[in-house]
Amino acid sequence: MTRSLLALIFLFSQLLAVPAYGQEEVNKSVMEACKWVAQQGKDIMAARQNEQPMSETLAFHLDQLRELLGETADMEDLNDSQLEQLKVMEQGLTEMVIAAYEAPLATSEEEWRELINSAEVAAFTACYETR
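Positions in the sequence shown are counted from 1; adding 8 to them yields my numbering.
Simulated from the structure, these hints should not be mistaken for lab results. Take the hints with a grain of salt, since some may be wrong.
[To be verified] With a Cα cut of at most 25 Å, we get these calculated BS3-like pairs of lysine-lysine: (1) 95 x 43; (2) 36 x 50; (3) 50 x 95.
[What the hints assert, rightly or not] For each label pair, taking beta carbons as the anchor points, the in silico distance ranges come out as: (4) 95 x 58: 44 to 52 Å; (5) 31 x 61: 37 to 45 Å; (6) 115 x 87: 44 to 52 Å; (7) 112 x 33: 20 to 28 Å; (8) 137 x 117: 44 to 52 Å; (9) 43 x 109: 22 to 30 Å; (10) 137 x 112: 23 to 31 Å; (11) 70 x 129: 37 to 45 Å; (12) 109 x 32: 37 to 45 Å.
Fair warning: this is a prediction, and the values are worked out from it, not measured in the lab. Beta carbons are placed, not taken as given, at the ideal position from N, Cα and C, and that holds for glycine.
Using the sequences and the hints given, assemble the complete structure.
Here's what the structure looks like:
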């Protein structure tokens, strides 16, 4: 995983964990963040394997990130540091898309499932290890 992707995962998990109180709530927030990151990895690779245009995949997932963050913070109220963190998260998500589109297309249904599952597991593992 790239440094920007790891930064995305770490910042995202921290953003969701900040409002929580106590270690149990923080762990739950980190787990939810990692599940979200894993789902993005899976969905991005599925889009690649279904030959969706990279530009559409990237736009869709950046919109999902902004929508999710909009649920936890009013985007207009973000300070400079938070805006910089958002840029890092967007860069990490962009790198996830680029990495998926560098992967070859699967030549069988089994390979298709394996590539998608591997992308999901890699994203979740990287996220969870940064907690």
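Hints versus structure:
no.	hint	result
1	95 x 43	21 Å, holds
2	36 x 50	21 Å, holds
3	50 x 95	22 Å, holds
4	95 x 58: 44 to 52 Å	29 Å, violated
5	31 x 61: 37 to 45 Å	43 Å, holds
6	115 x 87: 44 to 52 Å	49 Å, holds
7	112 x 33: 20 to 28 Å	42 Å, violated
8	137 x 117: 44 to 52 Å	30 Å, violated
9	43 x 109: 22 to 30 Å	23 Å, holds
10	137 x 112: 23 to 31 Å	26 Å, holds
11	70 x 129: 37 to 45 Å	23 Å, violated
12	109 x 32: 37 to 45 Å	38 Å, holds
The earlier numbered hints that this structure contradicts are 4, 7, 8 and 11.
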